[in-house]
Every structure is written in structure tokens, then in C-alpha cells.
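Undergrad: Chain by chain, the residues:
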Amino acid sequence: MLLEHNCAIEMRGITKRFGQVVANDSIDMRINRGEILALLGENGSGKTTLMNMLSGIYQPDEGEIYKDGERIFIRSPREAYGYGIGMIHQHYKLIEVFTAAQNIVLGLDDEKMDLRRTNEKVMEICSRYGFEVDPSRKVYDMSVSQKQTIEIIKVLYRGADILVLDEPTAVLTPQETQKLFKVLLNMKADGKAIVIITHKLHEVMEVSDKVAVLRKGKYIGTVNTSETDPQALTDMMVGHAVTLNIERPRYPEPKRKLVVENLTCVDNEGVRKLDRVSFEANTGEILGVAGISGSGQKELLEAITGLYPVKEGSIRFVRDDGSEAELVGMTPRRIRETGVGMAFVPEDRLGMGLVGSMGMTGNMMLRSWRNGRGAFLRKKEPEDLANGIWKELDVVTPSITYPVRRLSGGNVQKVLVGREIAGNPQVLMTAYAVRGLDINTSYTIYNLLTEQKMKGVAVLYVGEDLDVLIELADRILVLCGGQVAGCVDARSVTKEEIGLMMTQFNAKGAE
Amino acid sequence: MTTIITLITAAVTFGTVLMYGTLGEILTEKSGNLNLGVEGIMYMGGAFGLAGAFYYEKAAGAAVSGPLAIIIAIAAAFAAGMAASAIYSFITVTLRANQNVTGLALSIFGTGIGQFVGEFMRVSEGGYVALSNDLKGVFSAQVFPKFLVDIPVIGSILFSHTIFFYLAIAVAVLMYLFLAKTRYGMYLTAVGESPSTSDAAGINITKYKYLATVIGGGISAIGGMVYIMTTAGCVWNHEGLSGVGWLAVALVIFCMWRPLNAIWGSVLFGAMMIMYLRVSIPFIPTEIYKILPYIVTVIVLILTSMRNSRDRQPPASLGLNYFREER
Ligand SMILES: Nc1ncnc2c1ncn2[C@@H]1O[C@H](COP(=O)(O)OP(=O)(O)O)[C@@H](O)[C@H]1O
Ligand SMILES: [Mg+2]
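Read top to bottom, the protein sequences are chains X and F. First residue of the first sequence: 1, per this note's numbering; consecutive thereafter. First residue of the second sequence: 1, per this note's numbering; consecutive thereafter.
Hint data in this document are derived by calculation from the structure and do not stem from the laboratory. In this text, a Cβ means the ideal position worked out from N, Cα and C, and glycines have one as well. Wrong hints could be hidden among the right ones.
Listed below are the simulated BS3-like cross-link pairs for lysine-lysine, each with C-alpha atoms no more than 30 Å apart in a straight line [as the list claims (entries may be wrong)]:
1. F/Lys58 to X/Lys147
2. X/Lys380 to X/Lys218
3. X/Lys138 to F/Lys181
4. X/Lys147 to F/Lys146
5. X/Lys121 to F/Lys181
6. X/Lys138 to F/Lys207
7. X/Lys218 to X/Lys200
8. X/Lys188 to X/Lys67
A short list of chain F residues far from chain X (calculated; beta carbon distances all over 10 Å) [claimed, not checked]:
9. Ile5
10. Ile91
11. Val123
12. Gly202
13. Ile203
14. Val214
15. Leu260
16. Trp264
17. Ile288
18. Ile302
19. Asn321
Kindly generate the complete structure, drawing on both the sequences and the hints.
TA: Take a look at the structure:
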């Protein structure tokens with residue numbers, strides 16, 4: 001069984017280090033033709049790094065790569081294409097101002113710039129695998145899933161027969177994911193070798209033939225999907241079983257904390273992003289916010305924090321003594337000075353949340369610099385705080401001064417959440433707090449939020465995974481096209497009911 | 001009427017200088033390299049261009065050929081600009097140093113070298129370095145036949161300029177065709193937009209960055225030479241050249257990184273720069289005129305950012321260095 005004739009790529013003893021971080025530790029792995037291999041592992045376990053060595057982005061420090069039994073050296077992405085290896089990166093590599101067709105032929109020297117022939121060839125690939133694209137469309141006009149399609153076509157156009165997809169489903173809707181899987185199955189039937197990086201277990205079970213698991217840079221093993229189950233995979237991935245139940249205690253006496261009434265927000269183009277949204281958030285409660293992406297979740301949180309202009313309506317913060325403070329029209333700074341304790345964990349962690357080139361300490365100071373006396377920074381407190389978060393949340397970083405940009409997604413999120421919680425907020429808002437995080441880190445975040453809730457904090461949790469919302473939240477506010485489709489008790493509602501509410505206004509909501 | 005025509009011809013003369021500076025910098029910036037050393041590069045182009053022509057005439061004596069003198073001046077300036085930008089490329093692309101700092105340093109370095117060469121020639125030649133009057137005439141000669149130049153109005157506006165103006169237009173058109181119609185132009189644009197994407201697509205980033213920057217530097221340097229050999233009358237004159245490189249950098253923004261815009265843009269900027277000589281309005285200090293181009297650039301920046309057009313933006317990676325293993 002070991003020396004299969006359909007083995008396309010074999011990696012032996014691959015090691016890759018970044019400074020002190022050992023991203024891949026002597027990994028042996030093989031990729032077969034006509035198979036979909038799922039590469040599974042927690043955040044920061046080295047999946048992307050390993051595959052980047054196949055696509056020529058990184059060079060291994062140690063180890064050998066064989067293709068069809070012959071040793072090869074992949075020194076650049078160009079050479080990778082030469083070996084038929086194509087990678088669809090997590091962050092798409094497309095030129096925004098170019099058309100789809102231009103992006104597809106980019107870098108192909110030996111081909112005439114013949115747009116008609118390109119289009120024909122693109123169309124042929126499309127019909128063969130079931131894509132839909134408009135070759136003359138500019139990339140900046142495309143949706144995420146269309147961009148991904150272009151990436152895949154780009155790789156196929158170059159004749160790749162070994163395809164690596166890095167977390168391709170992270171940004172897709174369930175329907176788009178299904179479409180992608182169909183394409184992958186077509187390619188598999190075509191004899192291509194496919195690697196899909198993901199940490200969504202149900203997807204692994206659904207689409208893959210084999211699963212290779214990495215843990216903390218080490219190769220744990222490969223199993224046949226048909227002979228395993230999510231529990232076993234989780235065990236391999238995290239090294240110990242994770243209970244799949246999220247704990248949800250009840251807070252004794254919830255009180256109103258945040259009142260939103262008839263909130264309406266309009267964007268630059270005059271589109272109503274929020275339309276007469278009203279709800280209340282209570283202390284000791286996690287209020288889940290559900291909705292298909294772009295239904296106004298982002299605008300809602302930003303309006304509450306004072307970052308998004310409000311056209312009409314009112315947002316009131318209820319103080320402990322029962323008096324209310326109107327937040328509409330205040331800047332974030334003013335809101336803080338008024339003694340309204342709000343914390344916000346934004347979707348865009350490294351853009352809005354943290355400064356990537358600074359270490360943990362520096363990022364802690366962003367929140368507290370105003371406390372310093374005079375012109376000098378007081379480093380002691382932020383340092384203590386950074387050290388505390390480092391230990392308590394188990395952040396994987398060489399030191400508290402190591403640039404957070406270099407940490408993996410889960411660790412970045414821990415730093416951000418840790419900092420926000422440290423300010424003892426009364427309202428805690430999170431947007432897609434576990435997006436791109438592995439199971440273990442996700443649970444850490446769930447537990448942190450629940451802990452905050454039990455301290456009497458009003459938590460707003462904008463999420464995309466309905467299963468999690470139903471298990472984590474106390475109530476769920478469903479948004480659809482900027483309107484409130486309903487607010488339901490999470491303990492009694494079903495996934496189907498929420499799904500229905502998420503789409504019910506669609507006809508009039510989203511034009 | 002005649003005032004306007006003289007204004008336009010004078011604007012074209014100064015605009016030609018700017019056009020080279022700008023076109024070179026457009027090519028450079030298309031690769032994502034923000035070379036702020038244009039000022040220094042143009043100084044070097046001026047000094048070495050003059051030196052090339054001067055020493056050629058000295059060596060050839062009576063047998064001096066006008067066209068060859070022009071070619072030598074262009075080649076000398078081009079080579080000087082290439083050398084300066086090669087240093088810039090090495091420091092930013094290979095050693096990955098900060099582009100702004102390197103560009104500013106190159107500005108200082110280039111003006112210094114230009115001054116040095118200019119002064120060195122003066123001292124070593126014992127006083128005054130100038131071409132013979134005949135050769136001077138060659139550099140500022142009109143290229144079109146007299147009957148074309150003599151056409152009223154149109155003649156002086158379109159046909160009365162030196163070879164350098166028409167050459168600059170040719171460079172602009174060629175650069176436009178290169179960027180818009182050829183595969184290599186498309187790759188260069190891709191490199192400037194997103195080096196990591198281009199790299200993953202198999203484009204040799206280093207090659208494109210080096211070539212665009214070095215050739216761009218060469219083109220910019222010709223501008224300095226043109227100034228010295230036409231406006232300054234083939235005499236080393238650093239004062240007139242000072243600030244021209246910075247104006248070219250502003251003009252690149254004004255042109256929205258499009259070579260064809262550089263043709264009319266540089267004439268417009270040229271007009272604004274010389275206006276104080278021709279149209280003097282009492283009580284308005286000449287300095288006010290001189291900041292006009294910068295004000296216009298700022299206005300253009302504001303307008304384009306307000307229109308928020310995705311196609312009219314600087315190259316997305318402008319000013320950023322690329323290192324494959326960095327994320
Ligand atoms: N370019 C890089 N520079 C420094 N460290 C890196 C780089 N790429 C990855 N790492 C580190 O290597 C480890 C593995 O990262 P990665 O391969 O991205 O994990 P995964 O894709 O499994 O989430 C992480 O600890 C990450 O911080
Ligand atoms: Mg990854």
C-alpha cells in the first residue's frame with residue numbers, strides 16, 4: 001500500500017523555521033493523484049507553511065521533495081508551475097485593476113497575448129469543471145467567490161495537475177462551498193491531485209478521501225476519511241478530546257444595558273445599511289447576531305462604537321443607576337470619556353484592532369496611552385498586561401515584543417480579545433470572533449465570552465456559524481437586508497428557523 | 001496674441017524638461033518603486049550631458065558633428081541616470097532598504113555629484129565651460145522646415161520646438177503603447193500593483209523592478225540635460241535646475257501615472273512655472289506662481305480621491321519593498 005503508483009508528490013523530512021519558530025518539524029507526507037487530501041490542523045500548526053514550500057514561496061531548511069519518484073527543487077512559484085503544482089492562496093493573489101482574463105494569463109511568457117484564444121481556453125476549462133466567469137470583468141468588481149474561481153482557473157490554465165487550496169471555504173457561503181466541492185470532485189475525477197487545507201471537520205468528512213493531520217508543526221498521520229470520524233480527527237488535531245458542548249450558564253438577573261431604537265444608517269452610495277433596527281442587550285447575556293454576510297452586522301457594531309455615521313434613531317447606554325446616556329453623535333473617544341465601558345473586537349483584526357508591526361506590549365498601550373502622565377509612556381502596566389494575556393490565554397509567541405503580525409490568526413485574536421476584556425467593559429462586542437480560528441482557540445474564545453457574561457457584561461456576538469450561535473448565545477437577533485427579522489430565544493430556536501429568518505426579507509431587503 | 005504664443009512656446013521649452021523627468025518617474029513608479037531621487041538624477045543628467053557634449057567637441061575640434069553631439073549628450077545623461085537609479089535599485093530592491101530614505105539620499109547625492117562635475121569642468125577648463133556657438137545652435141535648433149514654422153499661430157505652437165520636445169512625445173507615446181498594449185507592460189503594471197501576486201504568477205519581480213527603475217532614471221536624467229543644453233544655454237547652471245525634479249514627482253501624480261497625460265501636463269506645469277516671467281501681476285510675489293503646480297497637484301489628488309475611481313489610483317504597492325518570505 002505504501003508505494004502506490006499514483007503518488008504525485010512525496011515530502012520527506014521537511015523542516016522550516018522562521019527565526020525561533022519551527023513552523024514545520026521534519027514532516028513526511030504524500031499526495032496522490034485522483035484523490036482529495038484534506039490537510040487538517042489547528043491555527044499555526046504549519047499547514048500554509050508546508051504547502052508554500054510546494055508552491056515555491058518558501059524554501060525548506062531541511063528535507064526533500066519528490067515528484068513521481070524524482071527529487072525536485074522548487075525555487076520559485078514559476079518553477080512550481082513547471083512541475084504542475086498550483087496553489088490557491090488564502091489571501092488571493094490577483095491584480096485588482098486587471099480583468100479576469102488578464103489575471104489568468106499573467107506571467108505566461110510563452111503564450112501570445114491573444115485574448116480570443118485565452119477566452120476560448122478559459123471557457124473550455126469552465127465548461128469542463130463547471131465554473132461561471134466573465135473573462136472581461138475587472139477583479140475589483142467581483143465577489144469573493146468569483147475571485148476564488150479566477151484563482152482556480154488561473155492554476156488550471158497553467159496546466160497544474162496538483163492543486164493546493166488554502167482554506168478555500170473560509171470566506172464562502174454554504175452554497176458557494178457546495179459549488180466549490182462539486183468542482184473539486186470533477187477535478188478529482190479528472191485524475192488531479194488535490195490538497196485542501198481546512199479546519200472545518202464536516203467539510204473534511206464530506207469532500208476528502210484522506211486526511212493528513214499536523215499538530216504544532218509536527219506530522220501526526222494520515223487516515224482514510226471513510227475510516228474515521230470527527231471525534232477521532234479532533235483528537236489527532238488537538239491531542240486531547242474537546243467536548244463539543246459549549247457551556248451556557250444562566251445569569252441570575254439580567255438588566256437592560258444597551259437600548260437601540262429605530263437605528264438607520266446610510267452609506268456613501270445612499271444605500272440603507274441599517275433600516276429602523278431596534279433591540280435591547282442585557283447584562284449577563286450573550287446576544288447573538290445572525291444574518292447572511294453584509295446584512296448590516298458590521299455597520300451595527302460600528303454605529304454603536306461611534307465609528308459609523310447614524311442617520312436616525314437612538315443608541316442608549318443604561319448606567320448601573322438606571323440613567324441613560326445617548327451615544328449617537330459621540331466620537332469613540334468621547335464615548336469612553338463619558339464612562340461608557342464598551343469594548344469592540346473587530347472583524348479586521350490586524351487592520352482595525354491591532355498594529356501588526358508592534359509587539360503585544362505596544363498593542364496594549366494603544367488602549368491605555370492616555371493614562372500616562374505627561375509626555376512619557378508608562379511601560380510597566382502594559383507590560384504586565386501583555387505578560388498576563390500571554391500566560392493566561394496561552395498565546396504562542398516568542399516574546400511580548402514580537403510583532404503581532406507574525407503570529408498566527410488564533411494568537412492574534414487572543415491578544416485582541418485579551419486586551420479588550422482587560423479594560424473591564426460593560427458592553428463587549430465581537431465580530432466574527434472565531435473566524436479562521438481552530439477549534440481549540442474557538443473554545444477559548446467562547447469560554448472567555450461566557451466568563452464575561454457571568455460577570456454581568458452585555459455581550460454582542462456577531463457570528464456566522466449558526467450551530468455556535470445556538471449553543472453559545474442566550475438570545476439571537478437575526479438581521480436581514482439591514483432590518484431586524486426577529487429576535488429569538490437561542491435555547492428553543494432551531495437552526496432551520498433562523499435560516500428562514502435570515503433569508504425571508506431577501507426579496508425586498510437586498511433589491 | 002503674441003504674448004500668448006510666446007508664453008506657450010516658453011511653456012513647451014520648460015515643459016520638455018519636465019516631461020522627461022516625469023516620464024522616467026512614471027516608468028519607475030509603475031514597478032512600485034517610489035524613487036524620490038529624481039532631483040538628483042536630473043542634476044546628474046544635466047552635468048554629464050553637458051560634459052559629454054563639451055568633451056566631445058573638444059576632442060573633435062572642427063570636425064564636430066551636431067547630431068552626434070546630441071546623441072552623445074543624450075547617452076551621457078542617460079548613462080548617468082541609469083547609474084544613479086541602479087544604486088537606488090540595489091539598495092531598495094536587493095537590500096530592501098526604505099524607499100523614501102534611499103530616494104531622498106539619492107537626491108542629495110545626485111545634486112552633489114552634478115555640482116561637482118559642473119564645477120570640476122569649470123575649474124579644470126580654466127573658467128568658463130560652454131560649447132561653441134555653432135554647437136549651441138544645434139541643440140536649440142528647430143527641427144521642422146521654415147515654411148511650417150512660419151504658418152501663423154499654429155506654426156510657432158506646434159512646429160517651432162527643438163528635437164527634444166518631439167523626442168519626449170515619442171517617448172510618451174511609446175511608453176503608453178508599452179504599458180497598455182504589450183505583455184511586458186502588463187507584467188510591469190502587475191508588479192507595481194501586487195508583487196506577491198506577480199511573483200506567484202511566475203514573473204521575475206527583481207528584473208522588472210530593476211529594469212523599470214534604471215531605464216526610468218535614464219529617461220529622467222535626459223530632462224536635466226535638456227535644461228542645461230537649451231534653457232541654460234549649454235552652461236552649467238544649477239540654480240535653474242533646482243526643484244525641477246520635485247516638480248516632476250508632483251507631475252507624476254497629476255498625470256495619474258499615465259504617460260500620455262504627461263504631454264499636456266508638463267506643458268501646463270511649464271506654463272505655471274514661467275508665468276511670473278511673462279504675466280506679472282503687481283503685488284503678487286513670484287513665489288506664489290511657483291507653488292501653483294503643487295497646489296494644482298493637491299487639487300487633482302483631492303478630486304481623484306473623491307471620485308474614488310478604482311482605475312485611477314497609484315500603483316498599489318508603490319513605496320513598498322517586496323520580500324517573498326515576509327507576510
Ligand atoms: N513568513 C513568516 N514569518 C514568520 N513566521 C511565520 C511566517 N509564516 C508562518 N509563520 C509562523 O509559522 C507558524 C505556522 O504558521 P502557518 O503555516 O501560517 O499555520 P497554519 O496555516 O497552519 O495556520 C506560525 O507560528 C506562524 O506564526
Ligand atoms: Mg494558514
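Undergrad: Each hint: holds or not?
TA: Here is how each hint holds up against the structure:
no. : hint                 : result
1   : F/Lys58 to X/Lys147  : violated (63 Å)
2   : X/Lys380 to X/Lys218 : violated (37 Å)
3   : X/Lys138 to F/Lys181 : holds (17 Å)
4   : X/Lys147 to F/Lys146 : violated (59 Å)
5   : X/Lys121 to F/Lys181 : holds (21 Å)
6   : X/Lys138 to F/Lys207 : holds (27 Å)
7   : X/Lys218 to X/Lys200 : holds (20 Å)
8   : X/Lys188 to X/Lys67  : holds (18 Å)
9   : Ile5                 : holds (40 Å)
10  : Ile91                : holds (21 Å)
11  : Val123               : holds (49 Å)
12  : Gly202               : violated (3 Å)
13  : Ile203               : violated (5 Å)
14  : Val214               : holds (21 Å)
15  : Leu260               : holds (17 Å)
16  : Trp264               : holds (23 Å)
17  : Ile288               : holds (36 Å)
18  : Ile302               : holds (16 Å)
19  : Asn321               : holds (14 Å)
Of the numbered hints stated above, those contradicted by the structure are hints 1, 2, 4, 12 and 13, listed in ascending order.
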